[in-house]
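Enquirer: Residues per chain, in single letters:
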Amino acid sequence: MRDKTMNIWQAGICLFIIIFANKILLLPSLLYRLANIEGMFAYLFSFMLEIGLLTLFIFLKRKYSHISFSQLIREKLGVITLKIFYILFCLYFFCKLILIYNVTYIFFKDLIYKNSDSFLFIICLLPIMNYLAYSSPRVVGRTAMALFPIILVVLIFCTVTSLISVHDIPLFFQSSPLKVFLATIKHISSFGDAIFLFVFMDKIEYKKGDGKKLYFFAGLAIIFVLLIAVAFYFSYTYTSFMHPYAIFETMGNIKDYGGLGRIDAVAVILVIILTYFQMSIYLKSFTISFKEIFPKLSLNYALISFDFLFLIVVYLLVRNLERTILYAESILPYFSLISFVLVPITSIVFLALKRRR
Amino acid sequence: MIENVEKKIKNLKKEMHNSFDISDRVLNLDELTVGFIYLKSFTDNLIFSSAIYEPISSYKGKLSFEEIKKLIQANDIKEIKDEEIIDNIMKGAVVIFVNTSNKILAVDIQKFNTRAPSEPPTSPVIQGPREGFTEDIKTNIGLLRKRFFSSDLVLKNFSVGRKTKTTIVIAYLHGVADKKVVKEVEKKLKAIDIDGVVDSYYLMPYLISHPNSLFKQIGNTEKPDIVSAKLLEGRVAILLDNTPMVLTVPFVLLEEMQNTNDYYTNYIYASLLRFIRAIGVFLALLGPGTYIALQLFHYNVLPIKYLITIADSTQQIPFTPFIEILFISLLFQILYEVSLRLPSYLGLATSVVGALILGDTGVKAGLISPPAVIVVAIAKIALYTIPEQSAQITVLQFVFLLIGASVGLLGLIGGLIYIIAYLNNLENFGAPYLAPFSPFILSDNKDGFIRVSIKDMKTRPKSFKNSNLRRQK
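Order-wise, the sequence lines are chains L and E. Per the numbering used here, the very first residue in the first sequence carries number 12; after that it's consecutive. Per the numbering used here, the very first residue in the second sequence carries number 109; after that it's consecutive.
Quick caveat, the hints were computed from the structure, so don't treat them as lab data. Watch out, some of these pointers could steer you wrong.
[What the hints assert, rightly or not] Rough simulated footprint, nothing fancy, chain L against chain E, three-plus residues with beta-carbon under 8 Å: (1) 257 to 271; (2) 286 to 293; (3) 503 to 517; (4) 524 to 535.
[Claimed, not checked] In silico DSS-like links for lysine-lysine, alpha-carbon gap of 30 Å or less: (5) L/Lys15 to E/Lys168; (6) E/Lys570 to L/Lys15; (7) L/Lys15 to L/Lys120.
Quick reminder that beta carbons are idealized off the backbone N, C-alpha and C, glycines included.
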């Protein structure tokens with residue numbers, strides 16, 4: 012059961028969720044703080060890199076449709092390189108999970124759980140994440156597929172209501188290209204999510220022409236992120252940096268809309284669903300990477316190891332907005348080298364080797 | 109050659125522990141002795157006299173075994189082996205043997221008073237057929253046969269239960285049902301080694317892949333029109349003697365959202381009803397849990413007017429919101445159980461006492477708040493938008509109540525995701541439990557949350573395997 016694969020639609024939905032999820036809360040505000048309204052260009056640059064990563068994946072999948080990324084590394088670069096790669100992957104996914112947990116914890120604590128302890132969030136998130144990570148990729152894909160209509164409807168609702176709240180046009184070109192570049196670099200760790208596809212490579216059914224479907228879902232996610240960022244910047248303009256939770260804040264602008272009441276609560280539901288999925292997909296990626304490092308250990312060891320580490324790190328590091336931002340801007344960008352440097356270069360090496368043969 | 113008929117009868121009776129309802133007759137005709145043995149409680153005595161005993165006893169001439177066979181005026185006559193005698197007697201046959209032959213005859217004249225097909229209480233309809241299955245398998249087969257004047261309706265029978273030897277019939281449409289599914293059903297049923305089955309529910313754990321799951325994984329109905337529709341979709345029906353409940357496989361959760369009435373009414377209205385049913389399920393599942401979560405954790409999300417109303421009505425309540433809702437839910441469940449088991453006139457009185465007196469007095473005494481009563485009442489009524497799943501939803505309602513009270517909205521959504529993931533793990537006879545939603549099958553969604561016109565349903569469901577996809581051009 013655990014080895015079953017997911018189809019391309021399910022992979023596309025997972026890609027959609029993972030690209031969209033962690034860019035609509037803190038990121039717009041943080042980018043504004045660093046690069047004013049031009050923070051939107053940071054989004055564009057990072058998304059170009061993301062699409063580049065996706066293109067590489069599709070290229071690899073087309074060339075080596077039935078083998079895993081780990082097999083490719085093992086065959087072309089040897090076992091030691093494989094271990095180093097997957098240790099880095101494990102670290103990357105772990106750090107991403109810590110970042111997502113931090114951001115959403117602060118969000119939930121601020122907005123819907125006044126004075127609740129971190130323990131409450133952990134006992135909600137960990138069992139579901141563990142269950143989904145323990146299940147086969149097919150179950151993860153199907154669950155994402157079952158919830159996708161709800162996610163999409165809520166997202167369209169949020170985007171439309173966010174755009175309705177726009178009442179001003181901010182001044183552009185207040186920031187230098189250098190600032191935009193620095194903002195991009197500092198928050199590059201929020202991108203590169205398509206990396207999970209490489210870990211899932213042999214667990215995704217792929218037929219000729221399926222690449223378009225992946226591009227479609229990635230494109231859809233990017234459009235939604237940009238629309239929400241636009242709605243946020245255009246709603247709060249010069250005070251954007253003071254409003255940390257973009258999607259919630261834009262909807263909060265019109266919280267008593269007609270007879271609908273507090274529609275901003277809808278954004279909370281969306282964030283909760285996305286958080287569960289995003290974290291589960293990353294945990295699944297972590298366990299797959301863990302299994303590559305320790306092939307003889309069962310999946311349970313991967314999950315137990317993760318849970319222990321997660322609890323320790325969460326207990327020591329998180330639960331503070333400033334510390335989270337510092338962690339995201341100073342440590343995590345280095346891990347993005349895995350997404351945007353290590354994997355692309357390796358892929359190019361594979362392709363070059365194939366061409367030479 | 110059976111030389112001593114009386115001795116044979118005596119031995120047979122001894123083998124059957126001399127039960128009082130075993131009846132025997134011995135007829136001495138010149139050199140021929142004919143022995144009859146049967147159960148008087150389970151055979152038609154009138155037919156026995158007029159169609160079997162009388163023609164043989166009044167025959168003028170020399171009789172042989174073959175002559176006797178010709179004289180019997182019954183339809184179901186067969187020659188049986190010695191070791192099959194007791195089984196045949198137990199199934200209501202008259203067993204006949206003579207002293208000049210070693211051949212044995214069994215004449216099926218089983219008679220048992222059964223009720224006539226009537227509208228089943230579990231699935232009443234506003235429009236459409238009102239016939240329901242009965243406890244008699246022959247009647248049930250007849251009810252199916254009269255809906256298919258085609259040899260493609262295949263019926264296979266065998267028995268299950270070492271002691272009860274209950275008849276099971278598998279029904280499917282040749283050229284429509286998938287052969288592998290039929291074989292798998294047969295294999296699973298034949299592998300059952302139990303002393304007896306008294307209802308089709310006994311068979312369920314042997315047929316499903318997750319027998320310990322809370323969720324129903326096999327379809328069951330008392331209505332022949334529903335079984336016919338399912339056979340036409342390529343499913344396999346399992347009929348068991350002594351129960352009106354017929355099982356159908358493969359089963360997907362969507363079947364519970366569909367109701368017979370949907371197909372006998374306008375499809376747009378039917379789609380609206382399905383949508384309402386889906387809302388009903390969510391209300392029933394999450395209603396009380398969400399109410400508690402909002403009250404305990406997320407009161408700041410509530411609009412101020414609602415918050416004031418709730419605060420006003422709950423400030424004098426001595427219990428915590430969780431205890432309050434749990435108390436009302438338990439009270440409702442107790443009343444439900446009582447009213448279900450009591451005679452109808454007492455059931456009504458219990459409902460009045462429970463709903464009006466207890467509810468009203470509880471609110472006036474300040475023990476429970478009106479919003480809590482309303483929330484529980486809505487959730488409990490919503491349960492019965494899908495009565496077939498009410499047991500499962502009731503259990504989950506209590507689980508979500510606990511989750512809502514302990515961790516709030518995050519836990520409720522997490523629980524919902526867990527259930528969806530769990531249901532995605534379920535697969536029976538190759539049918540994903542949540543199909544056609546996940547995996548998404550566009551053509552099957554024509555009869556999903558919305559229903560299109562029958563004319564537009566060109567294909568059979570793709571959610572499970574069948575031999576012929578096309579239903580109409």
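Enquirer: What hint numbers does the structure not satisfy?
Expert: Structure breaks hints 1, 2, 5 and 7.
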